[in-house]
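Line by line, the protein sequences give chains H and W. Residue numbers for the first sequence follow my numbering, beginning at 1 and rising by one. Residue numbers for the second sequence follow my numbering, beginning at 290 and rising by one.
In case anyone wonders, no lab produced these hints; they're calculated from the structure. It cannot be assumed that every hint is accurate.
[Stated by the list, open to error] For each label pair, taking beta carbons as the anchor points, the in silico distance ranges come out as:
#1 H:E176 to W:H480: 28 to 34 angstroms
#2 H:L275 to W:H480: 29 to 35 angstroms
#3 W:D401 to H:L275: 42 to 48 angstroms
#4 H:Q215 to W:D373: 44 to 50 angstroms
#5 W:S418 to H:E176: 22 to 28 angstroms
#6 W:S435 to H:Q2: 50 to 56 angstroms
#7 W:T364 to H:I69: 30 to 36 angstroms
#8 H:L98 to W:S418: 27 to 33 angstroms
#9 H:Q2 to W:D401: 18 to 24 angstroms
#10 H:E176 to W:K487: 33 to 39 angstroms
#11 W:D401 to H:V274: 48 to 54 angstroms
[Unchecked claim] Dumping the calculated DMTMM-like pairs for lysine to aspartate or glutamate here, alpha-carbon to alpha-carbon at most 20 angstroms:
#12 W:K362 to W:D420
#13 W:K368 to W:E322
#14 W:K532 to W:D507
#15 W:K439 to H:E176
#16 W:K362 to W:D401
#17 W:K487 to W:E431
#18 H:K164 to W:D373
#19 W:K362 to W:D373
#20 W:K439 to H:E263
Backbone N, C-alpha and C fix where the C-beta goes; we use that ideal spot for every residue, glycine too.
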Amino acid sequence: MQALYAQLLVGLINGSFYALLSLGLAVIFGMLNIINFAHGALYMMGAFVAYFLLNNDYLSIGYWPALIIAPIVVGIFGMILERTMLQWLTGLDHLYGLLLTFGMALIIQGVFQNYFGSSGLPYAIPDQLRGGMNLGFMFLPIYRGWVVIFSLVVCLATWFLIEKTRLGAYLRAATENPTLVRAFGINVPRMITLTYGLGVGLAALAGVLSAPINQVRPLMGADLIIVVFAVVVIGGMGSIMGSIITGFALGVIEGLTKYFYPEASNTVVFVLMVLVLLVKPTGLTGRAA
Amino acid sequence: MPETAIAEAPATRGGSTGGTILEVRNLEAWYGESHILHGINFDVRAGEVVTLLGRNGAGKTTTLKSVMGIIGKRTGSVKFNNQDIIRTSSDKIARMGIAFCPEERGIFASLDVRENLLLPPTVRAGGLSLDQIFELFPNLKERLGSQGTKLSGGEQQMLAIARILRTGASFLMLDEPTEGLAPVIIQQIGHTIARLKKEGFTILLVEQNFRFASTVADRYYVVEHGKIIDGFSNSELAANMDKLHTYLGV
């Protein structure tokens, strides 16, 4: 039974990363209509920024400030990418955005691999989150519990921002009809840039959270991004709550599969994706175009 | 309809009474390779309701969109309060005090009625308050929590007009506000436009329903093949009826 709970916890941890990453992808797809294949590379950059902040000759900036600084730094990098490259794809077929962001991902990963190789760099768990708690039925490492709870809070805060605030109403309206929203006096191009920065910042935040668990590796995002895309497809492209729920749910399903039938744990998400696409091509919570 | 709510409006908003607020000269516009407007010329004076009449595809909507800055390629001169806005982006044009209500109404499906109503930001003081809007359009108050696109066609048109009245814009461009609406709703829209004119708004209206337009307009321009081919005031309407029937094919 201990093993089942352990796998459930691993599933929840993976679900946290899936949810944060697929949420960013959903925000970007909803607003920019771009399938952001660079998302995994930007997740990796978040982890590397946290690593650089801690391991340099001048400052030793630890985990807590990195949780804020890394998403901002990578978010600004993302906004530069959007301004200089992605904005020119407005109105073109999805394929162009997919190819461009895929190319960007290869370049970013290649640069990091060139300097840091493929092996992982260690990043220590902060002192406050070391150790674990005995819950009676299982042992819970505190850092992993923190990742699950913090991710959930960030996901819900993002959902609230988009679904329940004035700014979110601008974003949703601009997703439907950017020309009209701009004719109302709202600077839509700037809003698109900031939205891309937000989506990328969420990926970088996931990267920082992941660093103490998975180490910091140039290809850490490449391993994850295909599963995350499957999560987004299952949840429904562009659906915010769909991405959050599906992210956590698929993490748990993957964890349970590891316990009950380990051979299928790497494929269960893709099997589910095929089934969902057959039954509901717009995803579980997606709307038809 | 009671007329007490919009009490503190100036005689004319956003310009001296009778002064030219919009001056369009040699306006040309393109959709991709298609040349739609071929040198449009007209003026709108502060406090007026000016109507662009014409058949389907004549270029009326494109004229409004060109003034609003949402047509990619356009040349010529569009001056709003003596400021040339031909190269100004649509968000900046909106912030100068021009509001646009599109033909398709542009109600957002992902927003409820309240969110649709509050979406356009206030660009200057003097916009209508929600209470004033609900006095003009009582139906909207009862439907605030409904999804925008779940409203009837008439209610959607009311919502589309209402949301630009909040912004404080003094110059309203309404594109076919009566299209597809029941006669009783058309009458209500007519009352509203007359009321707004009385309150000092300047209105540029695009209409195919010239019987409706004649109840609210001060002047008319007839658009055909992307050009203004005629213009006359409301007092000259009767004398121009035969010509108008020919222009509009009615």
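So, going through the hints one by one against the coordinates:
| no. | hint | verdict |
| --- | --- | --- |
| 1 | H:E176 to W:H480: 28 to 34 angstroms | holds (30 angstroms) |
| 2 | H:L275 to W:H480: 29 to 35 angstroms | violated (56 angstroms) |
| 3 | W:D401 to H:L275: 42 to 48 angstroms | violated (33 angstroms) |
| 4 | H:Q215 to W:D373: 44 to 50 angstroms | violated (59 angstroms) |
| 5 | W:S418 to H:E176: 22 to 28 angstroms | holds (27 angstroms) |
| 6 | W:S435 to H:Q2: 50 to 56 angstroms | holds (52 angstroms) |
| 7 | W:T364 to H:I69: 30 to 36 angstroms | violated (48 angstroms) |
| 8 | H:L98 to W:S418: 27 to 33 angstroms | violated (47 angstroms) |
| 9 | H:Q2 to W:D401: 18 to 24 angstroms | violated (48 angstroms) |
| 10 | H:E176 to W:K487: 33 to 39 angstroms | holds (34 angstroms) |
| 11 | W:D401 to H:V274: 48 to 54 angstroms | violated (36 angstroms) |
| 12 | W:K362 to W:D420 | violated (40 angstroms) |
| 13 | W:K368 to W:E322 | violated (25 angstroms) |
| 14 | W:K532 to W:D507 | holds (18 angstroms) |
| 15 | W:K439 to H:E176 | holds (16 angstroms) |
| 16 | W:K362 to W:D401 | violated (34 angstroms) |
| 17 | W:K487 to W:E431 | violated (26 angstroms) |
| 18 | H:K164 to W:D373 | violated (38 angstroms) |
| 19 | W:K362 to W:D373 | holds (16 angstroms) |
| 20 | W:K439 to H:E263 | violated (49 angstroms) |
Of the numbered hints stated above, those contradicted by the structure are hints 2, 3, 4, 7, 8, 9, 11, 12, 13, 16, 17, 18, 20, listed in ascending order.
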